[in-house]
Each structure stands twice: as structure tokens, then as C-alpha cells.
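Protein chains in written order, with this note's numbering: chain A, 43 to 797; chain B, 4 to 86; chain C, 11 to 171; chain D, 50 to 344.
One or more hints might be untrue.
Pair by pair, the computed Cβ-Cβ distance ranges are [to be verified]: (1) A/Lys630 with B/Glu70: 36 to 44 Å; (2) A/Pro637 with B/Glu70: 54 to 62 Å; (3) A/Ala172 with D/Ala69: 26 to 34 Å.
Hint data in this document are derived by calculation from the structure and do not stem from the laboratory. No experiment lies behind these values; they were computed from the predicted model shown. Ideal placement from N, C-alpha and C gives every residue a C-beta, glycine not left out.
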Amino acid sequence: MNYVDSSLKVVGTRPIRPDGVDKVTGRAVFAADTHAAGMLWGKMLRSPHSHAKIVSIDTSKAEALKGVFAVVTAADFPDIPSEEAFVGEGPMNFRDLALNCMARTKVLYEGHALAAVAASTQAIADEALALIDVKYEILPHVIDVEAAMAPDAPILHDDMFTAGVSPKPTKPSNIAKVVTFKKGDAEAAFKDADVIVEGVYTTQPVHQAYIEPHACMATYAPDGQVSIHSSSQGHFMVRAYTAKLLGINMSNIRVNPAEIGGGFGGKTLVYLEPIAVALSKKAGRTVKMQMTREDVFKASGPTSGAWMSVRIGAKKDGTIVAAKQVLKFQAGAFAGSPIGPGCMCGFAMYDLPNVDVVGYDVVSNRPKVAAYRAPGAPITSFAVESLMDELALNLGMDPLTLREKNAAKNGTKTHYGPTHVNIGYTAVLDAVKAHPHWKAPLKEGQGRGLATGFWFNIGGESTAQVHVNEDGSVTAATGSPDIGGSRASIGMMVAEVLGVPATTVRTIVADTASIGFTHLTGGSRVTFATGMAATQAAEKVVEDLKRRAAQTWDIPVEAVEWKDGAAYPAGSNAGAFEPLDLAALALKAGRTGGPILAEVSVNAQGAGAGFGAHICDVSVDKETGHVKIERYTAIQDVGKAIHPSYVEGQIQGGAAQGIGWALNEEYIYNAKGQMENAGFLDYRVPVASDVPMIEAVLVEVPNPRHPFGARGVGEVPIVPPMAAIANAIRSATGLRMPDLPMSPPKVRAAFDAAG
Amino acid sequence: MPTVVLASGSAGQQFTGGQTEFEVEATNFRRLVLELERRFPGLGKQIEESMAIAIDGEIFQDAYAAELKPNSEIYLIPKIGGG
Amino acid sequence: MAKTYVSATINGESAEFLCETQQTLLDVLRDVIGLTGSKEGCASGDCGACSVIMDGRLVCSCLVLGVEAEGTTITTIEGIAQGDKLHPVQQKFLEHAALQCGFCTPGLIVATKALLDENPNPTETEARYWLAGNLCRCTGYDKIIRAVMDAAAELRGETVG
Amino acid sequence: MSSLSYAAPTSVDDAVKLLAGASGLAKVLSGGTDLLVQLRSGRLKPDLIVDTKKIPGIIGIREENGGFVIGAATPGAVVEAHPGLNAAWPGLVEALDLIGSTQVQGRCSLAGNLCNASPAADSVPALYAAAATAVVVGSKGRREVPVEQSPTGPGRTSLAKDEFILEFRLPPRPAHSGDAYLRFIPRTEMDIAVVGCGISVTLDGKGIITAARVSLGAVSPTVILVPAAADALIGHTLDADTLAKLDAAAQAAAKPISDKRGTIEYRTKIAGVLARRTATIAYDRASGKTNGKAH
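Chain A with its partners taken away, still in its complex shape (with noise of 0.2 Å):
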């Protein structure tokens, strides 16, 4: 059944989130709050070296060390051959997800794991990896993406040919394969432009930066049953990892969902669980490991930086006729940055008659990129949004007319291939329009920019259950772990088809033993997948609930109509009976069939994609460079937003993690390959005051495909904020800045370089 129309009592409000309480008292349990009679500490040997062979591994005196219980090497674990998988967030190899969690022959960047100890202290952990000795044999490292391109560069991977060029080739190379895409023909075009700007443009690697660095606490049992504690975004994709790089059964892997500390896509792979379960296999006890924050930087992913150029051509009119774009991107120590949808969504939002775009996955000696937030769309939307701007300024025209004249509407052919359906793109754009931030005058000295952005989000499998209890409140229970509020969002769903209250609903996050597979939280897709699983098993119930009424009242189901949270006589033929809610039926359920609940499994299709759109006000300091954020508004079209609160939160902190990926977050590396600024101290993330309010506006253009109309909402804000604030440097100075981050050094070196 489809709400879109109907009206609705608790889809919209603003209700206390289920495990809010837990959260503001200390009592939530993340994944290192856990503890185990007789445990051990885990701790991971890390590579120093940025690119090196391993010529011997030599753990006996560390074994010998008393309190050490077990000690592993990649010669502990299966030797896993090649084969691509697609149960995380983007196409990941086995055998690469096996070697990025423990090195074998080769390590391919600094913090790269080679061994690892468990130990009764963590003390003795730490100097148990001390008396670890490796022999290595150092090789020359490539760290910047275009040297790691050139020729004569250092190889990562000597089985590495590039895919997606023919006549394959014989040589292998750190290109791991060239995408391109191309609608009509653009170089033809070009030549019918009245206008070509063109620019190239950089980004930085940047790190999720969850506060919350990863943990598990794991148990290997005489009988070979194991159970993990772990906080990930899928507990489904940590079950599926594990039993792989370990050759064991799925079935005798429970992974019990710890509260996540955040995750931004950072969280949908393993890095501790498969050796905190061979260390405790081969000790015999529990073993809980925990990433240091310098490990989080070094050793789990962030997301790509990239080299991008990028040529638009238009009509004197604005209308534009032709794009290119080529685009280099990190993929870290091993293949798979998210290059295709780096390819697929700088020109999404745009109706374009010619567009050619070449994309190059490219490793170098980096930690392998995890998913981040849209990954892929905040890098491209950088470089195509700085010159859509470039373009507006050279036909002297209003950047958000320009956008209005080329917008991407329902009927729109990409680029990539699909036509755009039921997107609100130009809703959004309407919404720019009409908000006061955008007719406000501008304060002396300041400036103002504009960019949008698009993401696809994605559904995919999700499971839900629904339980009427004995006394007629409710349990929904679902395998998606809970990042943002989803908790409140799914039981607001099940609420609002039962017509009971949202505090009726207690919604649960099941392991992996107590609920049927779902996938990871991620790709924005809980409350649009999960949400449409919750939605259907409350609807089964309602029925059952119809059919239970019925029978108490002997008359046909079709006489029952449910409405309010309780079973009514359809008008008065139906006879005159006494409504049965929940409670009551809860009480008789013994004798009109047995327990009330439902489950249904879903894969959600037609996720329905996402645009936003954000204006940012900027002032900046001439003689140092720093860029102070004045105004920010990010408009979005969220579908329909279940829990407001929760839906401005996500673009709210998506705007946030922006502004620090625009101004100062960046991977720094010395001459060894070597990070150099491996904490919070010098990996600059905003803090409560460098930013100001940041006001979110909601479009609600409905998704059809949803029950209640929602689109995903967690992704689309991260992908403008960096073309909108270069724009506003571009607007208060005149200085167009197309490296990330804009630190205050670049800044004052192009305020001394324009003179």
C-alpha cells in the first residue's frame, strides 16, 4: 500500500529516538565496551615501511614472552584466490580484502598489518609486537596518483593489467582499468560552442573520521561455533568477510551489532574481526582488539583524492552543447576507488547533448580506499561545479539561472545511459530560488557560492520483523545497524500502519542468527529498504490482526476495518461490536491462531536518486588565507522525511564533514611514504566553532516506489559543499581555488600570486 496521500499522525513527527536515553546516559554498548572473563588484547604488527617485500617474519621471542597467548601471520590464514564480491559497498576482491588485512609477501603501505598478538595485558601486547622481528626488503613507493601513472613508476602489483583497454595489455601497470563513458558526440560539439572554459582540478584523500575507532571483541569455541562483537555498518557483510577469509560455515559465525560510533561508508569492511577470531582460535580465549587512532588513519580507508580536468561548452544563451571530463582517482594499495560513480555523477544533474568522460582507477601506496559518504560524487561535483561556476561568470550570468537552463528533468537521458525518473532536481532548484539566503544581500567583504549535487542511493535486501507482544505493544526488529536514528524511523513506519503511537514501537537491531540477511547500512538505504520491509510485516499483521477481530466477532474479515490502533465493525451491518486493540487481541491470540507477528525479506528496488543543492557565505582573511564560513543553507530533496530531526542531522553533518574535506582535511606524507598527521591534532576536522548554524530545508518530492514516499537522504549533502564554499572564495576574492583542501597557506599563496 502506498501513504503518499494519506494523512499521516506519526511519519513527519519529531518523537524521542528508541535508544536515545541508552545514549545520552553511557549505557549504550560500542563495540570496545564489552568485556570477557579471562580475555585477551589483541594488538596488530604494522608495517613502518610504505612499499616492501617481506623477506622473513621471526615470532618466537614474542611467543616466548610470558602472558602472550597467540601470535599470527598471514601463515595462519587461507591463501585466498582472486574473486570479486560485491557484499560490501563497491566491487572488492577477496583476495585483496584478505591481503589488506594481513600482508603475505608484500607490504603496500605504511600501517599495513603483517602479524599480530593477543596477550593478558595490553602492555605485554605491546611489547610482545616489539620483540616481533620482520626482515624487510624495502622497494621504491608511489604516493601521488599521476606519478604512480608514469611509466617508469614503482609497481604495486606485477599481476595488475589494466582492464577496459584493448588490446590488453602485456605489461602490468598500477592502472587498474579505464572506464569511459560517452552520450552523442562532444568533440563535435565543441565546435558549435560559442564559450569553452575548461579547468583541471585536484582533491586530497580524506578519512571518515568516525570518532569511534574500530573494535571487536571475538570468540573462537572448542566446538568451532563463533561469535563476534564488532560495530560495522553491516553485521550481515562482517559474518560474510569473516567465514571467507577463514573457511567457516556461515552458520557457526554469530556477529551480535554493537552500537556504531559512526561509519560514513568506513565501516563496510574488516580490518580486526577475521584476526581477533585466529587469535582466539588458537589461544583459547576471548581476544578484543582495538584500533589506535593512528591505525584508524593509517590502516582503514579513507576515500580517494584525485586529478580531474574537466572542458564544458556552451551557447552564448547558456545552454550548453558539449563536456568532457577526465578523471584519475586513488584506489589506494589496492584496486576499486569508486571511479564509475565518479564517472556517472559530476554531469547528473545536468540535460547535456555531449558528454565524454574517461575515468582511471589507479593504485599507489596508500591505505586502500573504503566507501565514503556518495563516494566518488563529492570528488567529481568539486571539479564540474567549480567550472559550471567559471562558465555562469563568463557569460556573465547567474550560476543558479545557468543550472535552471541546463537542469536534469523526469525524461532526462544521462550521460551513463539511464532517463532520470521522478527525480526533484529542479524542485530543489526552485527552492534556491525562493530562500531568503539566496536574495540576501551580501555583507561587505564576503562572498557568496552555489553548487548542487547528485547521488543515486541504492536499496538492496533488508529484513524486518514485527511482534504484537502479550500485552499488545510492539517489537519491529531488522538486521540494519543503526548509525543516524534509523531505529526511530523504522519504528515510526511500523507505528504509524498500526495507527498506534511511536512509543508503542520498541525497534530492536537483530544479529546475524536472529533475523533474516540484510545488507549493510549504507548507500542511504535503510530507511528506504528497511523501511519498506518494516512498512510491509506491519501491514501482514494489520491483516492478521482483521482476520483475529473476525473470528472473535464471528463475522467475515471483509467487515473489519482497522483504523486507530484497533479492529472496527465496518459500519453497522457489519453488527455492533466493541473496537478490539492491540491488548485485547493480544490477549486472545492463544485462541485465534497463536502469536501475532510478521517478517518480510525485501530487495528493494528504485531507491529513487537524491539532488541538493547549498549556498555558502565566506569571508577571507587576505593576509593569512584562513576562510571563515558566515551562512550555510543546504536544500535537499529528501522524498519525505520519517523523523525531520534525523533527516536535517544527516545533511546537516554531510555539510559539515564538507567543510572540512574543502578547507583543511588532508592525508600529509614525507619523502618516506609515511603519514605525517595521523591524529586529530593535525588532521583538522572542524570543531563546534569553525562552523556556523547550518540551516537544512527539506523538498519533499515523493518517491513512488516507497510506501511513504522517503529517498535516501545520508549521501546527496556531502557531494556540493566543496564547489559551493570555492565558489564563495571565488565570489568574495576572485581567486578560483581548484585544489582541495583550501588551507589558508593556498589561499595567501594565490592572494600573493594574483598580486
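Start from chain A and add chains B, C and D according to the hints.
The following block gives chains B, C and D in isolation, referenced to the frame of chain A:
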């Protein structure tokens, strides 16, 4: 008979000798994959592992039953993940 | 290794524990006493997730040695609510949806209580600078600051819409 | 494995004995905001930690023959709350206030900031500008030394193994005096100074600068005094020409390195910018124009 377009950005072309458009007699995604694998050995596996299908503008991932109409617009594109 | 006997008052109760010199107060709270509400996000004083109030001062428990706790009075997130009655700061964080993942929340609530104990009527700027040592990656701080200002108003006995 | 012991002596003599008698590396703990980070990261592996906070007088502020005496381990938050210091040395108070977060303010001390001997330490340029002295105690007794004689290089000080700082002394403040400290950081808080500048000036009745001390941080291996910059100020009002000369003198004195926090070129330019801006605040304070926080 629906026309299937192999989006140029997808890794599938290595199996088709560069061909990107095919007329395929198929009424759902699974039958489409089987037919393409028959014509271009390896392409089916490639689609299974790393590609999604967009039918009339809506992206379907791992949905064998997704229905194809005779006049459907069908694109095979890289699979989409997310953060 | 030799351990030191330490006696302190934690959340109003006398607490006694043995700890090694290099163990921080955070290690002690989490691994010895079992108060895991204080979180380790960085172990270098840069994220504030381990914030506690020690003898009336807001500190990062990762920057205090366990042995230094001798004779001190400490309030952790577990000691902010009175029994089952939430502190107004906690209530406002819930009402304003000022948390998403909730990992930084204990530190932010302890830091906010310390702020309002010292300055019952902070400006937005004062609140933002006071809380600059508490990193939140989820919210963009907007709803957190609104919750702080609203909690301050409530504690001052003002009612704001 | 190596064992780390801890002592919290309650007298200067006991503390000195512990330090003198320590086998291996002994470290003095006051606020611990640097020491604990070095311990956790493994960069520092001491055998003994001597916590000085229980020594009478080492925490607290008192006025003495016209000047102020600040206990070496007095937390930043205590200094910031002291009305007398805020009135007489707002620049020094601000400098200390800029160290780390509110949480760090609850612990960090002038002695720790000075003895950690980071060239970027925020309170140190302000101490230099204030012509503060440090009262150092050790086996050989007490000695009072100008603060600028303490740091000898990054992480190194002139203090002997058995010595530590008991208190800092700030000289009496003549009329028409003002000080200020500014640092540049990429964010608004929580960063280490890319460049820091502390300036103290005294004016005559007509607004001519009669005395000045200018100090720069993060532009050389230690915090430095810049006499040439002070000379550019003395004998002048703060007109554009004076500011230009000050800027040039500061840039000339800056001999920074390029690292993750800034380049040589950038730091040199910023040294000049901060010198001008800091001097302006100090001058306004001296002439009674403004007070209150710089940030």
C-alpha cells in the same frame, strides 16, 4: 524485442568485442543475463559480479525477476554502492 | 608489575582500585571499574569523548593518570542523571536530536554540564569555543548547540519555545 | 618488562631528592597534557614520574611587591579566572587560554608548556614578552632565571636532572602598559600554532612607546625574543610606518622550517602579519582603549 545497451563505462565490452547494443529476446533480467552469456561467454559472469541493470530509468541490482517490456530502455551499468 | 592503591570519589560513591602508573584515568574507568560511558576516541586529548569532571574541573580522562585520582572527586557521564531522572542537558540533547551515532555524546554532555555550571548564560560563540575540544563527526554541531542553549535557558528557569 | 613508578612528594626537598636519586629517566608531572600523550605514543619511556602538584605553593597565584607570582603547576583555568592577572597581563592570560581545549585548560600549566620546550608553545612567547622569570629549585638550591634562558632546543631545556620550576614571577606593571598574544592556526581552536607572537609595550603620556618586548613562536628551534622588532617600536607611536618596520623586523627574525603545519614562506609572512596585529592590540590596551579576548 528490447534493445540492451552496455553502458560504455561498464567493464563488459572486453567480452563483446566492443559491441554495445544488442537486441535480446528476454522478458526478465535473468533471461537477459543467460542469453548474453550464451552469446558472449564471460559477459554473464561480469554482469553478475559488478553490474546493475537500469530498466526505464530505475536501477535494479541483483533482481533476476525484474520485468523487461518489449519497448523497455535497458542499460547495463556499473553496480552502485554507497557510504 | 607494582600497582598503586588509589581511593577516590566517583559519581558520589567512594571507589578504590589498584592501577599501574601508565594506566590513564580513562583506562581505569573503562577497564578496571567498568564505567564504559567515557569513550576513547583518540587517547591524546584531541576528541573529548573521555571528558569527566575532576574536582570541579572539566578534563580529558585520557590525559590524567589513574594514580593522580587519589583523593579526588570525579563525575563521569554515568553520574550526570539523578537516578532515573535525566539531567536537563541530557533531556535537551534528546529533544533536539542532538546526537546521531551517540559516541561523542557522553563527552559532550559532561562538557556541557561543566559549561553551564560555570557560565549559566553562555552566548552561542562561548558555547562553541567551550565545546571545541569535543569532536562530533555526525551532526555538524547545529542541533548540539541548540540543545546546549535550550538547556541553559531551562536551567536559568526561562522557558523558550 | 620495564616498570614505571610514580611519586607525589609534598615538599620541594623530597621532590628534588627523588629526581636526583632516580635511576634512569625521571619526568616531572604537572598538568601532564603533553607528558601523557608522549607516554601513550611510546615516544617517551621514563622510569619515574614525579608529580609536583602536591608541593605547597606550586599551584596558586599571589601578588608580591607589585608583581605577580604564579605557581608553576597552576592550571590554565585558574589563571584565566584571576581578575588581577586579566587586568595586568591579558596577553599572557590569553596565550595560556589558547592551549588546547577547555579540557586541557583544566590541567595545562605554564611550567609544562615551557619545559616541554616546543617552539610552538602558546604561553611561552607571552612569558618572554612579559620578561617573566622562573624560580628553579634543585639540589644546589634556588635560582631565578629569565624564562628565555630555559628552552635550549626542541624538547630540551637548561634545567638539570634534579631541577624543576617552582613558580613564575611577573615584574610590576608600569602605567600605560599592555600586552597581547596572537597565534595563527588553520582552524579556530585545537591546533598547534603555525606562528605565535607575544608583545608587551609601555607608553609615555603622549602614546610614544618607551619600552617593548617582542617574541615569536614556531619560527625557529625555540621561541625567540626579537630585539630588532622591539627597537622598531620604541620611540614611536604605532603608525603605519612603525607597523611596516615591525613587520619587516619580524619576518627578518623568522627562520622557520617547512613541516605539516606550515611552509617557510608562509610562516615568514605570517610572522610579520601577527606582529602587526599583536602590537596593535597591545598598544590599544596600553593606551586604555580596549581589553577583552582577542579571539
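A quick look at each hint next to the structure:
1. A/Lys630 with B/Glu70: 36 to 44 Å: Check passed, 42 Å falls within 36 to 44 Å.
2. A/Pro637 with B/Glu70: 54 to 62 Å: violated (36 Å)
3. A/Ala172 with D/Ala69: 26 to 34 Å: Cβ of A/Ala172 to Cβ of D/Ala69: about 31 Å, so the range 26 to 34 Å holds.
The structure shown violates just one earlier hint, number 2.
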